[in-house]
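Engineer: Line by line, the protein sequences are chains U and Z.
The first sequence maps to residues 6 to 232 in the numbering used here.
The second sequence maps to residues 6 to 232 in the numbering used here.
Any given hint could be a false lead.
No copy labels: a pair is met if it fits in one copy or bridges any two.
In silico lysine to any residue, SDA-like type, Cα no more than 20 Å apart, as pairs [unchecked claim]:
| no. | residue 1 | residue 2 |
| --- | --- | --- |
| 1 | Lys104 | Arg89 |
| 2 | Lys34 | Ser160 |
| 3 | Lys125 | Leu141 |
| 4 | Lys34 | Gln175 |
| 5 | Lys34 | Gly79 |
| 6 | Lys104 | Gly60 |
| 7 | Lys125 | Gly42 |
| 8 | Lys125 | Asp188 |
| 9 | Lys125 | Gln54 |
If you're looking for bench data, these hints aren't it; they were derived computationally from the structure.
There are 2 protein chains.
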Amino acid sequence: MTEHISEAVIRRLPGYYRHLRELEDQGIKQVSSHELGERMHQTPSLIRQDINSFGGFGRQGYGYDVSELKTCIGSILNLQQPHRMIIIGAGSIGSAVAKYQSFIREGFQTLAMFDINPEKTGTLFDEIPILSIDDLELFLQLHPVDIAVLALPGSEAQMMLERLIASGVQAIWNFAPVDLVYDEQAISVVNVHLSDSLQVLSYKMAHREDVIPSSEDQANGKPENRG
Amino acid sequence: MTEHISEAVIRRLPGYYRHLRELEDQGIKQVSSHELGERMHQTPSLIRQDINSFGGFGRQGYGYDVSELKTCIGSILNLQQPHRMIIIGAGSIGSAVAKYQSFIREGFQTLAMFDINPEKTGTLFDEIPILSIDDLELFLQLHPVDIAVLALPGSEAQMMLERLIASGVQAIWNFAPVDLVYDEQAISVVNVHLSDSLQVLSYKMAHREDVIPSSEDQANGKPENRG
């Protein structure tokens with residue numbers, strides 16, 4: 006069912022999920038591609054194309070059933086079951102991730118944080134134990150997790166990735182400012198490169214009049230419109 | 006020069022910049038599209054296409070001059086001059102942004118943080134003053150800034166955006182988990198939706214065999230390869 010969903014569509018799925026949850030919370034049962042597009046700053050045709058690409062639940066003239074579409078997207082995003090995480094690095098980024106409340110609501114549970122600093126290890130942060138990085142492999146044997154958050158210096162990220170793969174971790178959420186080298190069949194990686202994001206903002210600020218709205222979406226739309 | 010750079014290319018520019026800086030630090034003068042592609046997990050043809058799209062500095066058979074290309078991309082990203090920022094919200098996300106060292110190296114300077122909590126206001130965090138949100142407009146009159154970081158609850162983000170636009174802020178780096186409504190001519194916005202990023206990781210973990218490498222890039226490449 007979910008084969009051949011493009012990266013660009015995958016990146017938009019959480020936005021769909023968020024807006025559909027808000028609509029559901031407001032008691033709204035049906036939504037048109039036009040309304041979803043307005044909420045998401047996208048064209049109705051892109052919305053229809055995205056939703057068609059993973060199955061197509063719309064009925065011409067009636068729009069989409071909010072709950073049905075939300076359940077479908079939640080299932081594609083693998084949100085129907087809880088995920089267990091650990092955080093490598095109890096510095097400011099690791100602590101911010103540990104405290105981020107909306108993850109918890111969505112079923113992402115942090116079991117432990119790991120650090121090298123003996124002043125931090127052995128303590129609790131927001132009820133989450135901070136353990137020594139030396140105990141990582143033993144902990145993962147006893148408490149397998151899906152996801153490891155890398156919130157440590159870039160110079161240590163690659164070596165840590167290899168330890169985590171060897172311990173059976175399935176996915177890495179990488180905040181270290183490096184591009185990791187890995188086999189995409191062995192592990193899934195999503196980067197949050199904060200500096201990159203801030204530089205994109207710097208670009209947009211300087212070239213506000215040049216930015217083409219939705220140019221990425223054009224690339225997924227009609228090729229004849231390009232160039 | 007920089008007209009019509011697509012969103013997908015803009016998102017890759019900071020990665021080019023980071024790799025070119027590393028090459029420059031290693032004393033490397035020339036780099037081929039093949040070598041850059043290997044470092045960035047992209048095809049050489051995409052690399053050439055990206056770089057062509059903002060001017061084209063390659064010489065067939067010789068590759069790119071590392072310093073020249075880095076300077077060019079730095080200039081497109083508007084990094085040649087320092088940027089002044091404020092952070093709205095001195096909670097865990099705001100504090101993590103304030104402490105993030107690599108921003109400072111790249112010329113992004115945090116002048117102040119703002120909060121509503123009287124136990125925080127009037128103190129220093131890592132030498133950055135935490136001021137009352139009531140003093141925001143006065144502060145911005147005396148110390149104009151380019152960028153405001155929104156690290157506050159989603160329910161307060163839209164109202165704060167409007168206060169910041171009225172005070173002449175040019176760009177918003179939004180960590181609040183909401184989609185802001187704004188006029189793209191009036192202000193530039195880049196979102197860091199952490200929950201969305203984590204959900205994309207959840208998707209990739211569940212569908213590892215389905216993920217098409219570089220599918221976004223195909224969308225920017227040859228339209229005849231699609232569908």
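Engineer: Is the C-alpha distance from lysine 34 to glutamine 175 at most 20 Å within one copy, between copies, in both cases, or in neither?
Structural biologist: neither (36 Å within a copy, 38 Å between copies)
Engineer: Given identical chains, is lysine 125 near glycine 42, meaning Cα to Cα at most 20 Å, within a copy, between copies, both, or neither?
Structural biologist: neither (47 Å within a copy, 40 Å between copies)
Engineer: One pair to classify: lysine 104 and glycine 60, alpha carbons no more than 20 Å apart. Within, between, both, or neither?
Structural biologist: Neither: 36 Å inside a chain and 44 Å across chains, both beyond 20 Å.
Engineer: Please sort lysine 125 with glutamine 54 into within, between, both or neither, judging by C-alpha distance up to 20 Å.
Structural biologist: neither (49 Å within a copy, 48 Å between copies)
Engineer: Can you tell me if lysine 125 and leucine 141 fall within 20 Å by alpha carbon in one copy, between copies, both or neither?
Structural biologist: Cα proximity of lysine 125 and leucine 141: one copy only (15 Å, versus 35 Å across).
Engineer: Check lysine 125 against aspartate 188 for me: Cα-Cα at most 20 Å, and say if that holds within a copy, between copies, both or neither.
Structural biologist: neither (33 Å within a copy, 45 Å between copies)
Engineer: Cα distance capped at 20 Å. Does lysine 34 pair with glycine 79 within a copy, between copies, both, or neither?
Structural biologist: Classified as within: same-chain Cα gap 17 Å, cross-chain 48 Å, threshold 20 Å.
Engineer: Is it within, between, both or neither when you check lysine 34 against serine 160 at 20 Å Cα-Cα?
Structural biologist: Cα proximity of lysine 34 and serine 160: none, with 50 Å in one copy and 23 Å across.
Engineer: Evaluate lysine 104 and arginine 89 at a C-alpha cut-off of 20 Å and name the case that applies: within, between, both or neither.
Structural biologist: within (15 Å within a copy, 27 Å between copies)
Checked against the numbered hints given earlier, this structure breaks hints 2, 4, 6, 7, 8 and 9; the rest are met.
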